[in-house]
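There are 2 protein chains.
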Amino acid sequence: MSKMKYLCQKEAIAIDEELFNVYRFSVDQLMELAGLSSATAIAKCYPDKKRVLICVGPGNNGGDGLVAARHLKMFGFIPSIFYPKRTDKPLYTNLTNQCKMMGINFVEEFPSEQTIQKQADIVVDALFGFGFKPPVRPQFQPILESLSKTSIPLCSIDIPSGWDVEEGPNNEIPSLSPELVISLTAPKICMKKFNGKYHFLGGRFVPNALKEKYGLELPEYPGTECIVKLNN
Amino acid sequence: MSKMKYLCQKEAIAIDEELFNVYRFSVDQLMELAGLSSATAIAKCYPDKKRVLICVGPGNNGGDGLVAARHLKMFGFIPSIFYPKRTDKPLYTNLTNQCKMMGINFVEEFPSEQTIQKQADIVVDALFGFGFKPPVRPQFQPILESLSKTSIPLCSIDIPSGWDVEEGPNNEIPSLSPELVISLTAPKICMKKFNGKYHFLGGRFVPNALKEKYGLELPEYPGTECIVKLNN
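From first to last, the protein sequence lines are chains A and B. Residue numbering for the first sequence follows this note's numbering, starting at 1 and increasing by one per position. Residue numbering for the second sequence follows this note's numbering, starting at 1 and increasing by one per position.
Hints are supplied without guarantee of correctness; some may be wrong.
One copy or two, it doesn't matter: identical chains are merged, so the pair holds either way.
[To be verified] Result set (SDA-like, lysine to any residue): computed pairs, CA atoms no more than 25 Å apart in a straight line:
1) Lys50 / Pro219
2) Lys44 / Lys229
3) Lys44 / Val206
4) Lys192 / Phe20
Simulated from the structure, these hints should not be mistaken for lab results.
Could you put together the complete structure from these sequences and hints?
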């Protein structure tokens, strides 16, 4: 585990592009597996919690959140979704439709710190992923503020939103302290500063040749599992 | 389990169409989950086998097989693929490319019964699924013949290829006797005639409303598992 490589932003972007352009994965495929990994880690860490509020951002990290919401529903949880800035691409409208048709509630109002604590047992941060560059758009500033203060468990997909991919918490942005992070593909450098309770790796789709090319020393996934627990 | 509904061909087709047209799932998404379920069942039933020959048909059942091959590779198996009649759609050329780029071998020659037994420990039948209507195209007749005679374990995805979706084995077509079948979405009527060793249900993506609409009484998937063992 000690040799595990943590990716800088450029590497994370390059690996992502290679998966799509060279290996020819579709976004649908990898997002499905990423969201499934995220839902699986959440369900395993919080088997007794039921109500999950998923905060969905405008890009791929948000898409992972929409997929995770659907799988959490299949696992018997009661997800609800806050999705303030929607993307008009078919992939996203379809993911949204799947959730709606499955009876998942979309919260229209920005949920305050108090509302979150009243209406949910866990909150999922699927706002920004490894492509994030500060500053945060003003629309998301109060959401991060609220998530930074919540006292129910916070789970971040890929990286805590608002963290610099390499540097970690940024002074200008309300700093999230998730209890669980599901790193996707490989952990990013900022995760060296993570001191929450659970860190999982998900996205079991990285071909060996790609691991070798980028010198990734990923831990072995056990059996047929789609996630593996990391030690930090 | 006794109340579990077995689908006729019309129902299987209607459910499939509803998943795509009403729920707006993409084929990429559901094929990814179906293939993952299939690979998971195979890996759990045969943890000590390594070399898997996957026979891939021209349609969606074949696509499930290509996805299963990739996940088997991720699980540490050594898959190889026989894919005699290829489809020129981007989904299929991309799935094929993913496998090739991951170093999975494509067998160009039709593997005889003897070759199969020499070169593989398990063989997977991903030739025809619930959309199958006899007769079998002449090109596939000898392949079914060979699979019907093989003495290594045979695993069929969704239904044994060549079986009538409702009636089961058809006198005109070499009859496969798989040891494992992974029924997808819900078992088809022909599976009442299955007397192999393992029957799993996979494709944990059927929304509750759809289950109710079609009166499906599916067993509960345990925890976060993508497959569930059935009793027949």
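Against the structure, the hints come out as follows:
1. Taking the closest pair of Cα atoms, Lys50 and Pro219 come within 25 Å of each other only across two copies (21 Å); inside a single copy the shortest separation is 30 Å, beyond that limit.
2. In this homomeric assembly, Lys44 and Lys229 come within 25 Å of each other (Cα to Cα) both inside a single copy, at 11 Å, and across copies, at 21 Å.
3. Taking identical chains as interchangeable, the C-alpha atoms of Lys44 and Val206 lie at most 25 Å apart whether they share a chain (23 Å) or sit on different chains (21 Å).
4. Proximity of Lys192 to Phe20 under the C-alpha cut-off of 25 Å is found in neither arrangement, the shortest distances being 27 Å within a copy and 42 Å between copies.
In terms of the numbered hints stated before, the structure departs from hint 4 and from no other.
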